[in-house]
Each structure stands twice: as structure tokens, then as C-alpha cells.
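Undergrad: In case you want the letters, here they are:
Protein chains: 2
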Amino acid sequence: MGKKLTTRSEDYSKWYNELVVKADLAENSAVRGCMVIKPYGYAIWEKMQGELDRMFKETGHQNAYFPLFVPKSLFEAEEKNAEGFAKECAVVTHYRLKNNPDEPGKLMVDPEAKLDEELVVRPTSEAIIWNTYKNWVQSYRDLPILINQWANVVRWEMRTRLFLRTAEFLWQEGHTAHATKQEALDEAMQMNDIYATFAEEFMAIPVVKGSKTENERFAGAEETYCIEALMQDGKALQAGTSHFLGQNFAKAFDVKFASKEGGLEHVWATSWGVSTRLMGALIMTHSDDNGLVLPPNLAPIQVVIVPIYKSEDQLAQISEVANKLTSDLRAKGISVKYDDRDTQKPGWKFAQYELQGVPVRLAIGPKDVEKGTVELARRDLLSKEFVNQDEVVEKVSALMTEMQDSLFEKAKSFRDSHVTEVDSFDEFKKVLKEKGGFISAHWDGSPETENKIKELTKATIRCIPFNQEKEEGSCVLTGKPSSQRVLFAKAY
Amino acid sequence: MGKKLTTRSEDYSKWYNELVVKADLAENSAVRGCMVIKPYGYAIWEKMQGELDRMFKETGHQNAYFPLFVPKSLFEAEEKNAEGFAKECAVVTHYRLKNNPDEPGKLMVDPEAKLDEELVVRPTSEAIIWNTYKNWVQSYRDLPILINQWANVVRWEMRTRLFLRTAEFLWQEGHTAHATKQEALDEAMQMNDIYATFAEEFMAIPVVKGSKTENERFAGAEETYCIEALMQDGKALQAGTSHFLGQNFAKAFDVKFASKEGGLEHVWATSWGVSTRLMGALIMTHSDDNGLVLPPNLAPIQVVIVPIYKSEDQLAQISEVANKLTSDLRAKGISVKYDDRDTQKPGWKFAQYELQGVPVRLAIGPKDVEKGTVELARRDLLSKEFVNQDEVVEKVSALMTEMQDSLFEKAKSFRDSHVTEVDSFDEFKKVLKEKGGFISAHWDGSPETENKIKELTKATIRCIPFNQEKEEGSCVLTGKPSSQRVLFAKAY
Chain F
29 MGKKLTTRSE DYSKWYNELV VKADLAENSA VRGCMVIKPY GYAIWEKMQG ELDRMFKETG
89 HQNAYFPLFV PKSLFEAEEK NAEGFAKECA VVTHYRLKNN PDEPGKLMVD PEAKLDEELV
149 VRPTSEAIIW NTYKNWVQSY RDLPILINQW ANVVRWEMRT RLFLRTAEFL WQEGHTAHAT
209 KQEALDEAMQ MNDIYATFAE EFMAIPVVKG SKTENERFAG AEETYCIEAL MQDGKALQAG
269 TSHFLGQNFA KAFDVKFASK EGGLEHVWAT SWGVSTRLMG ALIMTHSDDN GLVLPPNLAP
329 IQVVIVPIYK SEDQLAQISE VANKLTSDLR AKGISVKYDD RDTQKPGWKF AQYELQGVPV
389 RLAIGPKDVE KGTVELARRD LLSKEFVNQD EVVEKVSALM TEMQDSLFEK AKSFRDSHVT
449 EVDSFDEFKK VLKEKGGFIS AHWDGSPETE NKIKELTKAT IRCIPFNQEK EEGSCVLTGK
509 PSSQRVLFAK AY
Chain Z
29 MGKKLTTRSE DYSKWYNELV VKADLAENSA VRGCMVIKPY GYAIWEKMQG ELDRMFKETG
89 HQNAYFPLFV PKSLFEAEEK NAEGFAKECA VVTHYRLKNN PDEPGKLMVD PEAKLDEELV
149 VRPTSEAIIW NTYKNWVQSY RDLPILINQW ANVVRWEMRT RLFLRTAEFL WQEGHTAHAT
209 KQEALDEAMQ MNDIYATFAE EFMAIPVVKG SKTENERFAG AEETYCIEAL MQDGKALQAG
269 TSHFLGQNFA KAFDVKFASK EGGLEHVWAT SWGVSTRLMG ALIMTHSDDN GLVLPPNLAP
329 IQVVIVPIYK SEDQLAQISE VANKLTSDLR AKGISVKYDD RDTQKPGWKF AQYELQGVPV
389 RLAIGPKDVE KGTVELARRD LLSKEFVNQD EVVEKVSALM TEMQDSLFEK AKSFRDSHVT
449 EVDSFDEFKK VLKEKGGFIS AHWDGSPETE NKIKELTKAT IRCIPFNQEK EEGSCVLTGK
509 PSSQRVLFAK AY
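Protein chains in written order, with the working numbering: chain F, 29 to 520; chain Z, 29 to 520.
No wet-lab data here; the hints were simulated from the structure.
These figures come from a predicted structure and were not determined experimentally.
Honestly, I wouldn't trust all of these hints.
Copies of one chain are not kept apart here, so a pair can be met inside one copy or by any two copies together.
[Unchecked claim] DSS-like cross-link-like pairs, simulated, lysine-lysine; straight-line CA separation at most 27 Å: (1) Lys365 - Lys284; (2) Lys50 - Lys461; (3) Lys377 - Lys288; (4) Lys115 - Lys126; (5) Lys115 - Lys458; (6) Lys126 - Lys108; (7) Lys142 - Lys365; (8) Lys377 - Lys237; (9) Lys360 - Lys85; (10) Lys457 - Lys352; (11) Lys482 - Lys463; (12) Lys284 - Lys360; (13) Lys338 - Lys352; (14) Lys126 - Lys142; (15) Lys115 - Lys142; (16) Lys50 - Lys486; (17) Lys457 - Lys42; (18) Lys373 - Lys32; (19) Lys162 - Lys352; (20) Lys486 - Lys134; (21) Lys284 - Lys134; (22) Lys75 - Lys360; (23) Lys75 - Lys85; (24) Lys399 - Lys423; (25) Lys338 - Lys438.
Make the full structure from the sequences, and use the hints.
TA: Below, the structure written as C-alpha cells:
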């Protein structure tokens, strides 16, 4: 266990890094920028995958798998996309190692096994997928194509942090093909909505839905929709994006279809993705100085039962109660772990499960056996109470919903109190410095102004929110006219 | 749909390749040796994953994720493992592309972005994982570690075939660490047994369990257990392997633990895996000249309902029956697709689902509505019968089990009739040439003899079966004494 976590007020960034490692979520590996996702962290990711996968399938999408490698000639076909990713991509140039004659026992790249064409390890799969779709689409009858892929991708980022920015990460990427522009726009919007629903209902993270500005758009997209969340330190985090790609990839890869009307048209595209970065958002939305706090809907272990005993005899009696509770709770669909290991003391277990964010802890001692009670501790409030054994199942079932809702409400009220409307650049800087959060301000619509503001404050436009009334105003930096406010923030 | 499949007797290999593509399972991609797994093929793989994952978790394993890349210095640490995989590995040498000044719009590797140390794209993950376990293990209390990973791996094979041998493939790889040799041996055996159970109960493929000879062992293993299946063309296919790695990786990566007794000892290891290669085994065990045949336990669509109609009115009446059947069957946990698309004719649909191996097809026409019947077609026997609508659910439920069993029995009787005991090398060659299958023969136990037989016949020792009585005899090639028969075959 080691010593306590650095507190959030001491050093938020250090708190985060320590928490990820100490709660057994992930750790750095021997490969620069690549992480090891440990079993407990991966179990949370599996819960996320399960829910998202269900939502994708319910909306008609199917999973498939495309190659890890993108030949350079395909990679460069869509110019903007290539430009956006070329600067940070891992490139395979050889297909063999051989013994190094100068250093026995060591290997070296075999210069005779140089590939004719370099292969880029996919940073995203539009190129390889649209090169495939080309052969799948002849007529409008072949459309839409609604495919998702669960995969690893690599972006050679220079500064990395566990989950938030890693050279390799896991994600899902949807790639759809449509006969009309409107259908593609609707699809991109639908998937952004699914991400928002998932974030709010499962991760208990309130998000703002909106569009990205041209500067912040995905390389190769005509429109990027997104969901933006706010972390406890006042920085924003882009939690998911959904892109309307227009006909850019269809043109780059010559994907045309015979329309109902008899014409030959380029196909319309979308792509959309969320990644293991969501793990970072989950941690930074709910956790506290004692460790991880997990919403019940994503907790791999929802309830842990810890026996407190001095003799084998006591343990046997406690186990009887614990085993009954375990099976009754499981019958309600609640995941339970009964930790009767004798290698660790109860205090150690309490601290460990607190650190790992298990929503409910039940402790049972000899007195509880006598009295027919258990001690129930709630992770989010760090509160404790005694509950009659015959009321535990009902109480815990209700708590699953209550804690899920309460975490969301708490995060929402924090977020809502950290959206500040400002009307001058001085105020902008003051709020950003003293309070952080989202700053709702007028902007003249030009990339230059956005860049200038970024240069001066490090804040970027997180999104142009969808659900926001038009309002005449003037740009917070240039004073030029503006018809609506946008959300600025410093971001992860 | 295109024209009919090549038949198996005409050209088995061509039949296989055509089937994989026409049944929409997979296709070749723009990357040499890498495949695209199409949605229908991927759905079968997902069913396999689901069952295996459940079996792994039920035996105490957890999933995790380790980096895609292995730094060269780690890759070469376990000498035999490195030697086994160095000849066919993809190597990342650079982390950036830049604009090619000589060819506008084209990119080139940026020579200034050369990695200090080359990264091997994992062909298997022992090296990166044992380098990680090193930090996880101090004491016997940290053991066992029971971890599985679902991942993509790359082996730069020169001759590739869809599913059977591809440069990139999907698999799971279990990597466990133990305090004692016996515990590791038991784990390796347990996982081989799980693979056998999965193959027989879900894939309906009978397998022989056994050990590999030294020649055929995994690079770096002290013992390799395996399950061997027999394909319809008389060639064997290694369907899963489980390795006892001894202390080889613990020594290479210096992984020691403080034992209960107070000593400091090297950890014992296993690894085990199955891959998308299983898709090839599934196809080649059950399918026929009309296309894929799927065991119900792995069929993404177990029942398809096709309406046969001339008017909208008829369709409405048929749909009423079909929708009721669909929901009744689904209530029994059976997956059903009602294909009422008007873009394709019934005949086209019949052929398509036959090609794709959907176990049961129900066809409903106006006469069936009148008479209260449906036409039920069984994919494995290509048989048809009329069934009363109120008996369909019961009938189909029973068929799911019946077809599963019947496919297994059919494959088993084929396999059993293709295990031939031979006692001379002439007989060996004759049987291999005229009949194929497994040849059960005495072998003197030397790698040289095994190599010589391979050279002369292309047959290798598939395994030394576990469940086989000892029998004194003499080697089929050298005449030297042998204490048990082993199984030879030509293999995929």
C-alpha cells in the first residue's frame, strides 16, 4: 500500500499519476509513452466496452477488423489527414532482425529485409478502411456501411501521461459510408449523442455537446462534433468525437456508387471514436484524496465484503452470513467480492478497496453475527452505518442507483458552477487564472483570433455548443461582431 | 452472389479461399499478408471470444493489456524465443514521416526521426510481459499471476492464407507466473484442456490432446501441449497450444520471489494461445460444396426467416407469423434474423444463407399462412420439412442441440476413420499419399529422425498423444526401439 496519496490541492497532476498506479489501473512500460493496463484498470475498460458495444449494435452497427498497418501510399492519399498524422507516426521499415556479427547474442535490423514500401502503424484507420470500402461499394444497395472496430492505435506523442495521452492507446473507431450528405450528418450526430448518453448515464460525467472550430477539427473532416467534460481542476477534457468527413475520403480513394437515379456519385462518410482516455476522465471527475471513486454502473466490483475475526470459528460464522449475502446480491445482478484472504488485515483491505473505488463495502464482525447487522460503508461519501442483514440486499440495490445519480449530480453541479460568461478579455484572463472551468465568450469566428487567444492564455475553444441560444455580441479579443458564445477552456 | 463455389474434390484449397471470401468472412487487404475480417466473420470470432473469455475468467484469469512494441533489447533477452521470431518480425525504426521534397504530395521517412532503439511489433508477448512481471513479483504472496490478453500480433510470414496464416492475426495470449514447477505444469495442462473443451463443445471439432516434440515446441518453452484437429482433406491443424516455459523467462528477466521458506527463487511460467486461425479450422471441419456450415453454438444468426410473397398484403400476413416466431425463438435465447428486404428475391436469400452457414432457415409463403405451417430447412443435412407453426419453437430449440451434436459426431467419425496405425515406412508413405489423416507410428525419439521423415514425406509429428497406452515397437524409419506411438500428419 505504501504511504498516502498526494492530495489534489497539493498537486493535482501528481495526485492523478499516483492514483493511477496505486489503484492498480495502469503503469508505464519499457516502451516510451506506452502503458500497461493492469487487470483492475482493464476490467473497468471492459465494462465501458460492453456498454458502448451494445449501444453501437442497437443502432445497427457491426464490428469488423482492418489491418494494423497502412502502406505509405494509402496513408498519404487524403492529404489533410496525412498531414495531421505524419508528424507522429511509427513507421515499419524492415521485416527481419538478424544476429549482430559484432555483438554476439545481440540482434540488428537486417538491411536486406527492407520493405519496398514503408508501413505506418495506424494512428487512425480512415485510409486503410476507405481503400477497402472501395471494393465493397458499387450501388446504393451496398449502402449504408455501418462498421465499428475495437483496436489499438499509435500516435508518437512527445509528452505522454497514463490514459490521457499515450503513444499506443485502445479505442473504437466507427467508419460509416452513406448515399447522402444528410444521412452522414445524421449518423455523425447520432453517434455523438450516443457518446453523450454513455458519458452521462454510465460514467456519470456531464458533457457539453457541440461542434469543433476549424482549428480543432479532425484532420480530414468537414465537421467534428464532440462531447466536452470538465475535470475537478478546472481543465476540460474532450471525451469523444464524431466526424462528418464529407466526400473527402471517397474522393481520395475513388469510392463511387450508382445512385437510385442512375448517376455515379461519391460516397459520404463519417468516423467516430472514444478511447482509453475516457479512463482519465472517469478518474478526474469523481475521485478524491483517498483514491478512486467509481460510479456503480462501471465498477468491476460493486460490493466488497470484508470479514473481521480473531478465530477460525468466528470466520466460519461470518462466512455463513457473507456467503448468503453474496449470493442474494448476485441474484440481483450486483457484482460482489468476498475477501476472506488471511494474508491481509481488515484495515489493509479497507484502505485498498477505498483506493480502488469499490462503491460499497460491507464489514462483518462477531458482534454483527450476534446482532444480525453488517457495517455498510459508502465510498463516495465515506459514510458508514449499521444495516440489518435482512435489509442489506434492498439497501444495496437502491444504493447502486442512488450513488450513480448522486455522482452525476455532484459532477454536474461542479461543472455548472464552472461555466462563466465573460465579456472582456481582462475578465477572460482573470477567470481563467483564478477559477478555471469553461469560459463562455463571444468570438469573431476567425482561426487567427482563436490562435491568438491560445497563444496569450493557453485556452482553446472546446466547442460551439449545440444547445445554446444565439446572442449578438462582440469578440472578447477583437471586438468584432459575433452571433453566439463559444466555450473556451484550458484542456487535457 | 456470382457463380458456384469450386467443389472440394476439384480443388480443396481453392474451395477454401473462395468460401472465405464469398461467405463474407474475410478478404485480403492492401497490406501484404494482412487480412480484413469482415463483419460476418468477425461476429463468429466474437462468439468464440465470448466463450473462451468466460472459461478463462471462470478459472481465475483476468484480462490486461501490454504494449504492442517490444524494444529490441528486451526482445533478444530470451535467446531461443528471440531466435524463433527474429526472422519474421516487423520492425519500427522511425517515428515520423515528412514531405518528400522531390515529390510534392508524397511523404518519406524522416531520417532525423530515427529511434535510438528499434521496436519489434510483438509476434508474441513473453518478453514485454516478463519485463513487467519483474516489478510485480517480490514475494510468494504476489503469486500466482493469472493474466490473459486479447491482442493483435504480427509475424512476417512469407506465404499467407486467410485465417490460416496471416502476417497480422488476432489472438489471446495467457501469461501466468507461479511459485512452483508443479503449479505451472498444472496450469499449462488446465489451459490445454480448456482449449479442447472449447473446440469440442463449441466448435464441434474433435481434437487430440498431446505434447509436441522438441522440434515442434514453442521457441523458449520446455514443454508444449497442444490440441490437434483433422481437416476434411486429411491434413492436420494445430488448433491451440499451451506452454510450460520453466524458468527461462524468469531467468532472462531476473524475476525472483521470496519463498515461504525464506529463499529467493526464480518464478515458473506458462503461456497459452489460440488465434483467428481457429476460423480456418471451423471452416475446414464442417463446410461443404454449398458453403459454410456452422455449429449452432457459434452461429451469429442461428435461424433466418425468409418471407415468400407476391403482394404487400401477403407480406403483411407472413410478417405477422414471422414476428411472432422471431420473438418466441428469441425468448428461448435463439438468435433470429427476419430478412424481409425487398431488394433481393427469396432464391437469392436462400443461396446466401446457405453459403453463410446459417443452421436453420424458415420459409413462409401464403400457403403456409393458410395451413399454419412453415418450411424448415436444416443447413447441415440440406434437408427440408414442413412444421406446424405452433411446433416451430420446440423443434428449433431441439435442433440447436441436435445439430451441434451431429456435427461433432460426423467430424469425429471422419477423424477416427483417419487415424491409421502403420508399422513400416512403405506403409507410412502409402497411407499418407492415398488416404492422409493421422498416422500412428513408432518413432525413435530423435529430432534427426523426425527431420528426415519430414524431408522425405512432408509429414511432421503433430503430437505425442496423452491418452495412449505405452507399446513396445520399433521406429518406422530407423527400426530403433520405441516405447509408444506418435501421430504424424501433413499439417496446415
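Undergrad: Could you tell me which of the hints above the structure violates, numbers in ascending order?
TA: Hints 1, 2, 5, 7, 8, 10, 12, 16, 19, 20 and 25 not satisfied by this model.
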